[in-house]
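Engineer: Got chain X sorted already, so can you dock chains H, Z and Y onto it with the hints?
Protein chains in written order, with numbering that gives the first Met the number 0: chain X, 0 to 254; chain H, 0 to 254; chain Z, 0 to 254; chain Y, 0 to 254.
Don't take each hint at face value.
For chains that are exact copies, the list does not tell them apart, and a pair is met inside one copy or across any two.
Each computed EDC-like pair below joins lysine to aspartate or glutamate, with the alpha-carbon atoms no more than 16 Å apart [unchecked claim]:
| hint | residue 1 | residue 2 |
| --- | --- | --- |
| 1 | Lys109 | Asp87 |
| 2 | Lys113 | Asp87 |
| 3 | Lys113 | Asp79 |
| 4 | Lys109 | Asp79 |
| 5 | Lys113 | Asp83 |
In short, the hints are calculated from the structure, not lab data.
4 protein chains.
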Amino acid sequence: MTQPLRVTVWNEFVHERAKPFVQKLYPDGIHAVLADALREQLGADVEVRTATLDEPEHGLTEEVLGQTDVLTWWGHTAHDRVNDAIVDRVQRRVLEGMGLIALHSAHASKIFTKLMGTGCMLRWREAGERERLWVVAPSHPIASGLTHEYFELARTEMYGEFFDIPQPEELIFISWFEGGEVFRSGCTFRRGRGRIFYFRPGHETYPIYYDSNVRRVIGNAVRWAAPTGATYYGEGRNIPEPLSPIAGRGPAEHD
Amino acid sequence: MTQPLRVTVWNEFVHERAKPFVQKLYPDGIHAVLADALREQLGADVEVRTATLDEPEHGLTEEVLGQTDVLTWWGHTAHDRVNDAIVDRVQRRVLEGMGLIALHSAHASKIFTKLMGTGCMLRWREAGERERLWVVAPSHPIASGLTHEYFELARTEMYGEFFDIPQPEELIFISWFEGGEVFRSGCTFRRGRGRIFYFRPGHETYPIYYDSNVRRVIGNAVRWAAPTGATYYGEGRNIPEPLSPIAGRGPAEHD
Amino acid sequence: MTQPLRVTVWNEFVHERAKPFVQKLYPDGIHAVLADALREQLGADVEVRTATLDEPEHGLTEEVLGQTDVLTWWGHTAHDRVNDAIVDRVQRRVLEGMGLIALHSAHASKIFTKLMGTGCMLRWREAGERERLWVVAPSHPIASGLTHEYFELARTEMYGEFFDIPQPEELIFISWFEGGEVFRSGCTFRRGRGRIFYFRPGHETYPIYYDSNVRRVIGNAVRWAAPTGATYYGEGRNIPEPLSPIAGRGPAEHD
Amino acid sequence: MTQPLRVTVWNEFVHERAKPFVQKLYPDGIHAVLADALREQLGADVEVRTATLDEPEHGLTEEVLGQTDVLTWWGHTAHDRVNDAIVDRVQRRVLEGMGLIALHSAHASKIFTKLMGTGCMLRWREAGERERLWVVAPSHPIASGLTHEYFELARTEMYGEFFDIPQPEELIFISWFEGGEVFRSGCTFRRGRGRIFYFRPGHETYPIYYDSNVRRVIGNAVRWAAPTGATYYGEGRNIPEPLSPIAGRGPAEHD
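Isolated chain X (complex conformation) (with noise of 0.2 Å):
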C-alpha cells in the first residue's frame, strides 16, 4: 500500500482529567497511547491524529472525516454530550466507507447503537479479575499474529452476556472471566460501505492499552477496516429504462 492509511482516534477525554489515578496510567489521555500503539503497530503505514469532546464539533468537522480512512472511538461517562449531528455525520461516513473501532464502553455510545439499531447493554462488574480472551476465528486477519489459542489480562473490569447487538458477522474473541461470565468480545459487521470492529478490553483503571495483544489486536483491526477501494454504488434512484427488453407491460392499473 503505497498511501498510509488516515486514522482519527477518537476520545472523551474525560476521566483521564478527573481521577488522579486514570491520569496516572494515561497522563496525556487514551488517545495519546492509542496513536502510539497504532504507529508501533502500523508504522509508515499509517497516518494519526486525535480529536476529543471537547474540540470544536468534537475534532470531527467534515474536513477531518472525509479525510478519516478508519476511526476509532473511547467513550464512556459522556456520551450523552456527543453531539446528535455529529452522529449522523459519523453514521453517513461510516456507511460511506470509513471503518470504525468501537473499544470498550463504546459499546454504549450513540454511533455504536446506531449503527447496531439495539440497546447494546451488558452486564459488568469492576473487580479487577483476571480475563482470558480465546481466539474462536484464528484465521482472521484481525487475529493475525497472535502466538497462542488466548491471551490474557491480569486484571480488567468484566463485562457480561447478554450482550443486547445483532448477531455479529463474524465472532473472533470471546472472553472467559474469573469471576464467572463469558462476552462476546471481538465482533465484526458491515454497514452500507463501512466495517466495524467492537473490541472490549480497555478500561481507563487499568493498563490495558499498554497491553502487546492488545495493541496488535486493535492494529490489526484497523488494517482491517479499512476502505477497500468501492466505487460508488449509488444510493438509491429510480432506474426507469430496463437493463434489458420487458416483453409486454400491459395495462398498468394506475393509469
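Structural biologist: Relative to chain X, chains H, Z and Y alone:
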C-alpha cells in the same frame, strides 16, 4: 398454541384515499386486505387488529403495543409523518420481543432503518414487469408450504440491488426482474429479543396482497416472528458479586 | 400440530455396558434417558424410538430413517465402528429435511464431521469442574422457557475452544468453565433442507441428561429441527427451456 | 507483503483436449489462462504454478501443497477421477490455512462438496444467454476495483437456484440470467483456518476467463484467501491441568 397470536397490522393509509386506481384495488386500505390474509392463513391462531397513521399516536399506544405479539408495517409516502417518539416505542417493543414484518416500501420507514442502522435504500422502477421470487432457503419455516422452486408476480414495481441493509441473518428469497435486476426479497434479522422479516412484494398499484403465495409467506412470517417465550433476560446492570470466586483482586489501580 | 414428531434417539451404547459407574448412571443406556426426556418435554407431540450401534444397520435402516423427522446422536468411543454407508444414508436424509441433534462427543462423529466439512476437534479435560452456560440468543426457540440468563452444571467434563467447526449460523449458548476455558456450546447449522443443532452437555460420567435445563433445551431443539413442510425442491437438473425469453443466443462457440 | 503469494492453479484439463471448440478458446488449457490472469492482476505479488489431473498425484503432492498458499480449482467432467486420498490431503491443507478458490463447475468437485457437507447441486442450461452479476457486498475486498453496480457476461451457461450449499458467510455476487433464473455467484466460507471462495463464471465453451471483470475478481479472491499468518492453534487435545484453579472437584462419579 392455546393463546392466539395478537397481530397489529399498521398502514399509513394515504395512497388508498388519494389515488382512485389504488382505491379500486384496496377500497378499505391495504391493512384491511392484510388483516384478511392473516385470518385466512392463521385462522383461530390469530387475533388481528389494524392501526393507521391518522389515529391518535398512529394507533400504536403503549397499550396496543403491549398487547401486540407481531406488528406488520406498510408505509411509503408518509414515512416522515411518523412521530419519532412512536418509532422509539416500537423499537423498544421489538427489542423486548415483539416481531416485526416490514413490507415492501417499509424498507425506508423510520422503524426499519433505525433497527438496521443503515440507509436501506435501493433502486426501483415502476414498469409493471414480471418478478420471479426464487426460494434459496427451502427449509425455512417462512417458505413452508410453497409448492415450487419459485413463484411469480406477473406485474410489479422493481426493486434492485444494491439494497443497503446489513447482511441478512437468513436470506430466503431472491427476486429476478424481467428488466434485468435482482433483489434480496426475503430477509431475516434479530434485534434484542425481537425477530424481523423484510418481505419485498407489495406495491400499492398492483394487486399483490391478493396473491396466494404472498399471503402464505406473510402468514408464515408472522408465525415465525412470534415471541418465543423468552423470559426477561435483563437490561445491562452491575453485578458486584462474582458468581465464582476471584482468587485475588490485587492492588486496584484506582485505590 | 396434529401429527406427532417422529424422533429416533441413536446411541452407540458402549460405555454403559462396559463401565460400572456409567452403568449406575444410565442403567438402560443414555438413549433410554434421552427418550424419556423427550417424552417428558414434548408429550403427545412426539413419538420416540431408539437405535444403537449393535443393531443391524445400527438400527438406522432406510425404513427407520424414512420415518424419522429428527435424529439425535450420541457417540464417543466407537465413532469408527459406524459404517460409512449408513453415514451416507443419514447425510442424505438430513439434506432431504430430517433434523439432526448432535450431542456432546458427537462432535467427532462421522456424520457430524461429514456435514460440517471440518475436523470438529476441541480441547477437553475431565476434572468434574463447574460449567455455566450463558444464553447469547435469548429469543431463539431453542432457549425458550429457560428462566435465567444462564444455567449451571455442577460437575462436567470441559470442552474448550478452538472448536474446529464452521461459524455457526446462530450461536445460542457459550459455556464458561471453572478451569478457564470457554466453548460455543449451542450452535445451529442448515445443510440442504435439514436443520442441525450441536449441544455440548452430556458426558457419560456425570448425570447430565437428568438435568432439567438440559432436557428442556433438547426438547426445544427437537421441535426446532423438525421438517418445515418444505416440498421437494429438486436435485440439480438441466432446464433446457428458459422460463423467460432469450433475445438472441448468437453464434454459440460450441457449434 | 514481501513474500509473493504462492498459487497453484489446478485444472482437470479434459475438455480442452477433447473438444475442438474448447481447444480454440483455451489452446493451452484453462489453467494457462487463469495463471496469466493471476500474473496480470497480482504481478510481483504472486508466484503461479499449475497442476492437472493427469500428472502424478494430480500434481498435488505433499510438497506442492505444502508450498501453496492458495489453490484454485477447475473441474467439470472428471470429478470422479480425482483420487480420494488427494482430496483428503487438499482438505487437510485447507483446514491448516490454505485458501481455496472453487471456480464454476467445481461446485460439484469432491473437494468442494467435502468442505461444504452438502450436495452442492444446482439447475443449469447451456443456451448462451446473458448474465448480469450484481454486487451485493460492495465493500468486500473481493469486489474491490469493480467500477459499477454490476458487470455482464454476454453469453454464458446458466446456473440457477436452488444451489445446495450451506448459507454463505458472505454473499458478494448474485447473478441475473436472461432466461429467468438467479444464482448466488460469489460466496465465501471459512473451514478450519482456511478461506474458501466460490465463483460461478467460467464455462469452458465461452471465453469467460478472458473477461477483465472476471479476472479482477479472481485476483482479488486469491489475495483475500491468502493465509493470514495464523500461528498453529492446535488440534484437539487433552488439557489435564486447568488454567485457573478448580475449587473442589467433589466425588467424581467415575471413582
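Engineer: Could you check the structure against the hints above and give me the numbers of any it violates, in ascending order?
Structural biologist: none
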